[in-house]
Amino acid sequence: MMLDAAGWTALRLSLLVGVTATLLALPLAIWVAWLLARRDFWGKSVLNALVHLPLVLPPVVTGYLLLLSFGRNGPAGRFLEETFGLVLAFRWTGAALAAMVMGFPLMVRAIRLAIEAVDPKIEDAARTLGAPGWAVFGSITLPLIMPGVLAGAVMGFAKAIGEFGATITFVANIPGETQTLPSAIYALLQVPGGEDAAIRLVFWACVLALGAVALSEWLARRVARRIAGA
Amino acid sequence: MTLSVSLRHRFGGFALDVAFEAGPGVTALFGRSGAGKTTIVNAVAGLLRPDHAEITLDGDRFDTQPVHKRRIGYVFQDARLFPHMTVADNLDYASRYGARASDRPRIIDMLGIGALLDRQPATLSGGEKQRVALGRALLSNPRLLLMDEPLAALDGPRKAEILPYLDRLKAETGVPILYVSHAVDEVARLADHMVLLADGRVARAGPLFDVMADPAVVPLLGVREAGAVLRGRVMAHGDDGLSTLQLAAGPIQLLGVQAAVGSDVRLRVLAQDVLLSLSRPQGLSAQNILPVTITAIRAGDGPGAAIALDAGGDALLARVTGRAVQSMGLEEGQSLFAVIKATSVAQSAISGAAI
Numbered sequence: 001m002m003l004d005a006a007g008w009t010a011l012r013l014s015l016l017v018g019v020t021a022t023l024l025a026l027p028l029a030i031w032v033a034w035l036l037a038r039r040d041f042w043g044k045s046v047l048n049a050l051v052h053l054p055l056v057l058p059p060v061v062t063g064y065l066l067l068l069s070f071g072r073n074g075p076a077g078r079f080l081e082e083t084f085g086l087v088l089a090f091r092w093t094g095a096a097l098a099a100m101v102m103g104f105p106l107m108v109r110a111i112r113l114a115i116e117a118v119d120p121k122i123e124d125a126a127r128t129l130g131a132p133g134w135a136v137f138g139s140i141t142l143p144l145i146m147p148g149v150l151a152g153a154v155m156g157f158a159k160a161i162g163e164f165g166a167t168i169t170f171v172a173n174i175p176g177e178t179q180t181l182p183s184a185i186y187a188l189l190q191v192p193g194g195e196d197a198a199i200r201l202v203f204w205a206c207v208l209a210l211g212a213v214a215l216s217e218w219l220a221r222r223v224a225r226r227i228a229g230a
Numbered sequence: 001m002t003l004s005v006s007l008r009h010r011f012g013g014f015a016l017d018v019a020f021e022a023g024p025g026v027t028a029l030f031g032r033s034g035a036g037k038t039t040i041v042n043a044v045a046g047l048l049r050p051d052h053a054e055i056t057l058d059g060d061r062f063d064t065q066p067v068h069k070r071r072i073g074y075v076f077q078d079a080r081l082f083p084h085m086t087v088a089d090n091l092d093y094a095s096r097y098g099a100r101a102s103d104r105p106r107i108i109d110m111l112g113i114g115a116l117l118d119r120q121p122a123t124l125s126g127g128e129k130q131r132v133a134l135g136r137a138l139l140s141n142p143r144l145l146l147m148d149e150p151l152a153a154l155d156g157p158r159k160a161e162i163l164p165y166l167d168r169l170k171a172e173t174g175v176p177i178l179y180v181s182h183a184v185d186e187v188a189r190l191a192d193h194m195v196l197l198a199d200g201r202v203a204r205a206g207p208l209f210d211v212m213a214d215p216a217v218v219p220l221l222g223v224r225e226a227g228a229v230l231r232g233r234v235m236a237h238g239d240d241g242l243s244t245l246q247l248a249a250g251p252i253q254l255l256g257v258q259a260a261v262g263s264d265v266r267l268r269v270l271a272q273d274v275l276l277s278l279s280r281p282q283g284l285s286a287q288n289i290l291p292v293t294i295t296a297i298r299a300g301d302g303p304g305a306a307i308a309l310d311a312g313g314d315a316l317l318a319r320v321t322g323r324a325v326q327s328m329g330l331e332e333g334q335s336l337f338a339v340i341k342a343t344s345v346a347q348s349a350i351s352g353a354a355i
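Residue numbers (this note's numbering), protein chains in the order written: chain S, 1 to 230; chain P, 1 to 355.
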């Protein structure tokens with residue numbers, strides 16, 4: 001099941017996109033999950049719907065909306081290019097953004113469940129001992145939700161590795177730049193005689209996905225044990 | 001150290017409107033469930049924002065401060081230890097912000113938790129958890145300690161295990177304590193002052209001995225729980241299990257006194273366990289007969305009446321039937337004799353704590 005050079009490029013790019021998307025999305029996902037779990041504010045249900053939108057929209061629609069807003073002529077895309085010189089359209093960075101958006105709801109769901117499992121009375125106790133709010137989050141809430149955060153990160157990573165519809169719509173299928181594993185498999189299946197190479201990629205995609213799911217299951221069990229033990 | 005609390009808060013058809021002061025020592029907030037006790041301590045801690053509050057400690061108003069700046073130790077009914085930290089880490093968490101690390105060995109020793117330091121909270125018994133929670137609250141170097149029914153979640157033996165530590169805590173630390181409870185025996189044993197709450201209002205407040213001996217509080221405490229608290233000194237332990245205690249009005253004999261000879265103790269004498277006699281009774285099995293004077297008679301809503309008595313300077317409370325008041329011709333200022341059965345003063349009501 002050895003890969004050729006093009007296959008390795010796609011696998012490496014998938015890992016780069018997946019890791020980048022996961023690391024960038026994680027802090028934001030923790031914050032949004034905390035807002036949804038612990039705060040009441042005007043527009044909370046709107047935020048909740050917005051977060052879950054990529055889960056229910058056709059991925060092609062999400063990709064097209066990304067292209068409209070983050071493309072070179074889109075308002076957000078133009079702002080990022082003019083301010084930071086950051087171009088997303090048809091670049092691997094755009095693939096990472098698409099993967100972030102698609103994996104975000106899965107991360108938020110896992111982390112939100114973990115936060116809701118933490119008894120706010122424990123956090124109150126920490127505050128009475130003199131810990132300011134940010135310190136309570138860092139020393140009490142975050143360690144207690146860490147298994148949930150890891151599980152969410154694994155889910156987001158798996159989603160990022162497998163993301164196809166939004167990615168190909170937003171950043172196309174450029175070998176070496178935006179061609180991740182699913183895009184590469186799709187491309188191979190479009191040409192005669194590509195099945196053999198496609199099968200090898202499919203094998204590696206399965207390895208990554210199963211590994212991620214196994215890790216996530218293991219972490220989820222640890223969460224359950226911890227909550228039962230506390 | 002004087003804590004002054006003035007609060008108004010409304011929620012779900014319940015209105016709380018209280019004002020009281022708490023001096024040094026232990027002030028008990030006493031009332032039935034739903035009387036507003038926990039609401040008050042949560043407001044003092046800052047965990048609840050009441051509609052109106054004015055809370056000061058020695059003139060320093062702190063109800064506008066955030067929780068973490070108030071320096072108020074809080075011992076919850078459920079110990080609320082941090083489940084992901086060892087006992088030692090739980091204690092260190094408090095001293096990290098309270099900077100009272102120098103007292104750590106003394107506090108650990110006082111609460112007897114030295115052997116628990118490496119354990120996880122999930123492996124501790126209820127009583128052990130509560131002792132660690134106490135130590136953690138003390139290590140935050142509080143100006144005031146709030147205790148919200150710290151014994152309510154514990155069974156009888158666990159309660160008995162932790163009560164001596166509370167006695168020591170009271171004797172050894174100068175921190176004023178606001179102690180929430182609906183158990184009269186705990187309050188009678190620990191408190192110096194008492195604030196009686198009923199339906200969100202202060203029904204009676206004052207020094208514990210005065211409040212407990214007030215006939216007007218009988219309906220608030222319940223006729224079975226009402227009874228004066230007396231001070232006494234252990235004079236001797238007899239071979240037959242009876243101990244002699246010296247009260248202001250004279251010596252009495254009681255069963256099951258644990259305190260050492262010479263120590264001062266508190267006795268809770270239930271009003272329903274005190275009999276009255278116009279003349280000094282002869283040939284009675286009860287041996288404890290004290291000369292008393294009636295200071296007040298309060299007819300109850302039912303057939304009973306509460307009689308306040310002066311026993312050589314100590315206040316005593318008796319509960320008799322209204323018919324007895326009539327037939328004996330009881331009236332204020334009258335001198336007569338109170339009879340207390342040796343077995344009727346419960347062991348748990350006798351405290352060896354400093355008074």
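Rather than coming from a laboratory, the hints here were simulated on the basis of the structure. Here the structure is a predicted model, which is why all the values come from computation and not from measurement. Here a beta-carbon is modelled for each residue, glycine too, at the ideal position from N, C-alpha and C. Be careful, since some hints might not be right.
[To be verified] List of simulated lysine to aspartate or glutamate pairs, EDC-like, C-alpha gap at most 20 angstroms: (1) K341/P to D310/P; (2) K341/P to D239/P; (3) K69/P to D124/S; (4) K341/P to D199/P; (5) K121/S to D78/P; (6) K121/S to D310/P; (7) K69/P to E177/S.
[Said to hold, decoys possible] Between beta-carbon pairs, the in silico distance windows are: (8) A122/P to P120/S: 51 to 61 angstroms; (9) Q326/P to D119/S: 51 to 61 angstroms; (10) A122/P to P175/S: 17 to 27 angstroms; (11) R12/S to A153/P: 55 to 65 angstroms; (12) W42/S to R32/P: 48 to 58 angstroms; (13) E54/P to W42/S: 48 to 58 angstroms; (14) H52/S to G222/P: 52 to 62 angstroms; (15) D103/P to R38/S: 29 to 39 angstroms; (16) D109/P to L47/S: 27 to 37 angstroms.
Hint by hint, here is what the structure shows:
1. K341/P to D310/P: holds (18 angstroms)
2. K341/P to D239/P: This hinted pair holds, its Cα atoms lying about 19 angstroms apart.
3. K69/P to D124/S: holds (13 angstroms)
4. K341/P to D199/P: Not satisfied, since the Cα-Cα distance of roughly 35 angstroms exceeds 20 angstroms.
5. K121/S to D78/P: Roughly 9 angstroms between the alpha carbons, so the hint for K121/S and D78/P holds.
6. K121/S to D310/P: With a Cα-Cα distance of about 47 angstroms, the restraint between K121/S and D310/P is violated, given a limit of 20 angstroms.
7. K69/P to E177/S: violated (53 angstroms)
8. A122/P to P120/S: 51 to 61 angstroms: Violated, since A122/P and P120/S (Cβ atoms, about 19 angstroms apart) do not stay within the stated range.
9. Q326/P to D119/S: 51 to 61 angstroms: holds (58 angstroms)
10. A122/P to P175/S: 17 to 27 angstroms: violated (54 angstroms)
11. R12/S to A153/P: 55 to 65 angstroms: holds (57 angstroms)
12. W42/S to R32/P: 48 to 58 angstroms: Since the Cβ atoms of W42/S and R32/P sit about 39 angstroms apart, the hinted range of 48 to 58 angstroms is violated.
13. E54/P to W42/S: 48 to 58 angstroms: violated (31 angstroms)
14. H52/S to G222/P: 52 to 62 angstroms: Given a distance of about 54 angstroms, which is inside 52 to 62 angstroms, the answer is holds.
15. D103/P to R38/S: 29 to 39 angstroms: holds (34 angstroms)
16. D109/P to L47/S: 27 to 37 angstroms: For D109/P and L47/S the Cβ distance comes to about 51 angstroms; the hint is violated.
When held up to the earlier numbered hints, the structure conflicts with 4, 6, 7, 8, 10, 12, 13 and 16 and fits the remainder.
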